[in-house]
Amino acid sequence: MNRQDKDVMRRLLLESKQKPSSDFTLNVMNRLAQEQQSKLIMQEENFSIRHLILFYALFVIVGIISLIYFYIHPHFYTFIYSKSFMMQFFSVVAILESVVLLNVLDHFLKR
Amino acid sequence: MNEQTLIAQVLAGKTQAFAYLVSAHQDMAFTLALRIVKNREEAEEVAQDAFMKAYRALPSYRFESSFSTWLYRIVFHTALSTLKKKQIPYSLCESEEIDNAETSTASALELLESKDRKVLLEKAFYQIPTEAATLLTLFYLDEMSLKEMAEITGLSTNLIKTKIFRARKTLLKIIDKLQIRKEL
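Taken in order, these protein sequences are the chains called V and C. All residue numbers for the first sequence refer to our numbering, where the first residue is 1 and numbers rise by one. All residue numbers for the second sequence refer to our numbering, where the first residue is 1001 and numbers rise by one.
By construction, these hints were calculated from the structure, which means they are not laboratory data.
To give a feel for the contact side, a few chain V residues facing chain C, derived at Cβ under 7 Å:
1) Leu13
2) Glu15
3) Gln18
4) Met29
Built from N, CA and C at the ideal position, the CB exists for glycine as well.
Chain V on its own, in the form it takes in the complex (with noise of 0.2 Å):
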């Protein structure tokens, strides 16, 4: 094939070179959009998983510390087991889990 042919078939080429839709920058863009945002999504529940982690993390921390510390004093026992203690110390513990439950549940619901 010469070099006319060759360009012959290039000619021919360019002809049936094809078009996309119109608003095909439109739709790549907005894809790219939403996976930007679903990106941006997934990344808030990641931030809200670290903090639900570290407060079960700090939770326990500070039980184990308290154990310690009680095991240490023992006079602290007959204060810990009065009944406005125990009161106190169940209400506080029934609140921080119920909005740590609720934090999970809106978690696993927004899936």
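Fit chain C to the given chain V structure using the hints.
Just chain C now, kept in the frame of chain V:
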């Protein structure tokens, strides 16, 4: 604004700059996808997916090849995955009597000198084997070098040269056949 600047802007977080890159390459990306999947809706989907992949992979683009070569490689592989999902083979049909074809470009063009030449060409591209259509598109339409084509397709330059020669003859033969059928 040149491509390097646009890419730098996209990487800096200016997503809107990517729209310029898309509109600059959308025709070629779409044509290449269409030559492989042979369906307009699917080709559009493939081209869009390829642009999305390109956006995600942009931080790994090292400016070693031109942006178009890099992008068309993504389009090419995305289209191939689509074919694979549909279990359609991608290969150049070797069994046809290509070497015996007496078709010359000039005569084929003469036959094509009609108002519906574009339609005829499109029909020919739907009939030509996928690999042949892809190689012809890359070589003639985007005027890519054999080296760039080798980068995209993963074939050797010598093999590409042979395949282009055969693809050209196949295309002209199909054009001839289509024209004859039309005249009948």
